[in-house]
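Based on the provided sequences and hints, a complete structural model is requested.
Residue numbers (my numbering), protein chains in the order written: chain H, 5 to 324; chain R, 1238 to 1536.
Worth flagging that the hints you see were computed from the coordinates, not collected in a lab.
As the structure is a computational prediction, the values presented were derived from the model and not from experiment.
Check each hint, because a few of them may be wrong.
Each computed DSS-like pair below joins lysine-lysine, with the alpha-carbon atoms no more than 30 angstroms apart [claimed, not checked]:
no.	chain 1	residue 1	chain 2	residue 2
1	H	K211	H	K130
2	R	K1444	R	K1425
3	H	K211	H	K134
4	H	K321	H	K211
5	H	K211	R	K1444
6	H	K183	R	K1425
7	H	K321	R	K1425
Not the full set, but computed from the structure, chain R residues with beta-carbon under 8 angstroms of chain H [said to hold, decoys possible]:
no.	residue
8	M1357
9	L1371
10	L1379
11	L1380
12	I1382
13	P1383
14	Q1386
15	M1441
16	A1507
Each residue gets a CB set at the ideal place from its N, CA and C atoms; glycine is no exception.
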Amino acid sequence: MAADASTAPIMPSAPNSGRASSLQRLARRRSTIAVLMTIPLLVVLIGLVAYPAGYGIYLSTLNRRMTGFMEGEWLPNGLGNFEILFESETFWAVAWQSCIFAISAVILKALVGFWLAHMLHHIPAKGQRKWRGMLLVPWVIPPALSTLGWWWMFDPAYSSINWLFQVVGIPQVPWLGEKWWARLSIIIVNVWYGAPFFMIMYLAALKSVPEQLYEAAAIDGATSWQRLRYVTLPMMANIISITVLFSLIVTFANYDIVRVLTNGGPRDLTHVFASYAFQVGILSGNIPRGAAVSLFMFPILAICAFFVLRGVTRRNKEQM
Amino acid sequence: MSATVATNRDMPSLYGKAGSLRSERRWALVWAYISLIISAIILLTPPVYMLITSLKTSAEIADQKGNPWIVRNPTLENYWELITNSLFQGFFINSVIVTLVVVALTMVISILAAFALARMRFWGSQVLATGVFLTYLVPDTLLFIPLYQIVGGLGLLNSIWGLVLVYPTLTVPFCTWIMIGYFASIPKELDEAALIDGATWPQMLLKIFVPVALPGIIAATIFAFTVSWAAFVYPTAFITTPDQMPLTIGVVSQLVRGDVFVWGQITAGALLAALPPVIVYAFLMDYYIAGLTAGATKG
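Rendered as structure tokens:
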């Protein structure tokens, strides 16, 4: 990566001892400066990420009043919060809903984004800028605010979508009132917000596929499907996996859309980990249990993060 | 668009000799435009519908008869009421203060650190660079409860300074990461030349790296700006007093009064709140997109 071998050219192996010692002093000074320059970063990373992470784990072991460890019945002392969550039906519903939501939303975003990028790539380069600018608008509006607009469009009494449905003769839909419709609504809003991001990533990747490969494929008589399958997809595989995993992290941990659109309702059936943790930890005031809920996100996030990092490192190596 | 005209002009030859490839291309183009138009309509509908609603009077919104997609008596009343509303002005000022301070802090922290990580090798620099990327992948919803306790312990709950304290966790890792990438792409001959001319490290950073990596700095600044402007989890958790709220949570929580939804004002407020990032995007789209794609391609 970046820091590799960066100092090599500045350090000639000069036999002259006087120069060498001054260079050594320079090097010493440089590393001191470097450490000084990274101190603010370290303060942020340690003070606001690493320390809160450890503190969160500690918090999750406490009882509600935070006077001592939360006792468990069958789990060891300190894991009582996890035990209660394991036994709670609501919690399993939340875990289940988080997975349904994240996986289906990410798949849809990836498909829609790929399709949009492909369509954009087809049209002449001059018009691409304009279209790209227009299609990225959902990503630019802060999601908490655009979700307000969706909420209004899903409003039970005044739903403008239902009005359109009525015009073309489709039955009315209870968007936010029924379990599966409410879940679908959240997915729709998330796909609407996130698909443009996929489009931008895929478009950048599509542009980096050398044109000669397509020419060669065309000469070999490849159909457009074969070109997609054997040229485009393999060339884009890495960026696709990075984007999908990255989006999986963000979507899995999503909070704003659920908070604004349904606030967990109807009957807590649309809560995801983040909104449930908020409900339990901040709104109901059970900080330790809230911390325990959000810790459940950690394993899946860690797995995704590991693969993202691997993908990015591999990509950098290819580009070197 | 000009290319469509060009292909149309070539049409006669399509029907003549083996023009199957060309006609295939033409159909692909038509199909591409059709799908782009449809998706643009779908993607732009929610903001447009918000605009439509924000231009209506409350009476017109409440009227269930007729087409909700058209405005019969357009009015700017909703906007005017918000702009003259001191609570809403307060949200706006809070957002501006928090965002400006956070962006400034972020850029100083990340440029300094990225310069050190990209150019000066020191013990642990590799690990630190990886750590920066990993913290970028930590979502805000994972740590907001311990941070709530920490901010509360410092007595900064219900204060915009509590937000200023925690927002860097959202902005610093990504900005540092892409700045490392931009700095690393600067040829080393430049710093060698500067060193030979007797430049000190601060001079080298300010006179060479910052100007050369300016596009990256703009992209990182835009990212920091949009993220702090749109942040939602932290202000929702940390702030309950209306006078300290930034715009996002202010619009979402305060414009809804009890069970009465003043939709004209809510949509107007949401659009006004979304305006700054949209304006930045409209004028600096290329930098914005460079920042978006940089996460996976730079560094």
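Status of each hint after checking the structure:
no.: 1; hint: H:K211 x H:K130; result: 14 angstroms, holds
no.: 2; hint: R:K1444 x R:K1425; result: 15 angstroms, holds
no.: 3; hint: H:K211 x H:K134; result: 17 angstroms, holds
no.: 4; hint: H:K321 x H:K211; result: 19 angstroms, holds
no.: 5; hint: H:K211 x R:K1444; result: 34 angstroms, violated
no.: 6; hint: H:K183 x R:K1425; result: 59 angstroms, violated
no.: 7; hint: H:K321 x R:K1425; result: 19 angstroms, holds
no.: 8; hint: M1357; result: 4 angstroms, holds
no.: 9; hint: L1371; result: 6 angstroms, holds
no.: 10; hint: L1379; result: 6 angstroms, holds
no.: 11; hint: L1380; result: 5 angstroms, holds
no.: 12; hint: I1382; result: 4 angstroms, holds
no.: 13; hint: P1383; result: 4 angstroms, holds
no.: 14; hint: Q1386; result: 6 angstroms, holds
no.: 15; hint: M1441; result: 11 angstroms, violated
no.: 16; hint: A1507; result: 4 angstroms, holds
Against the hints set out earlier in the document, violations occur for numbers 5, 6 and 15.
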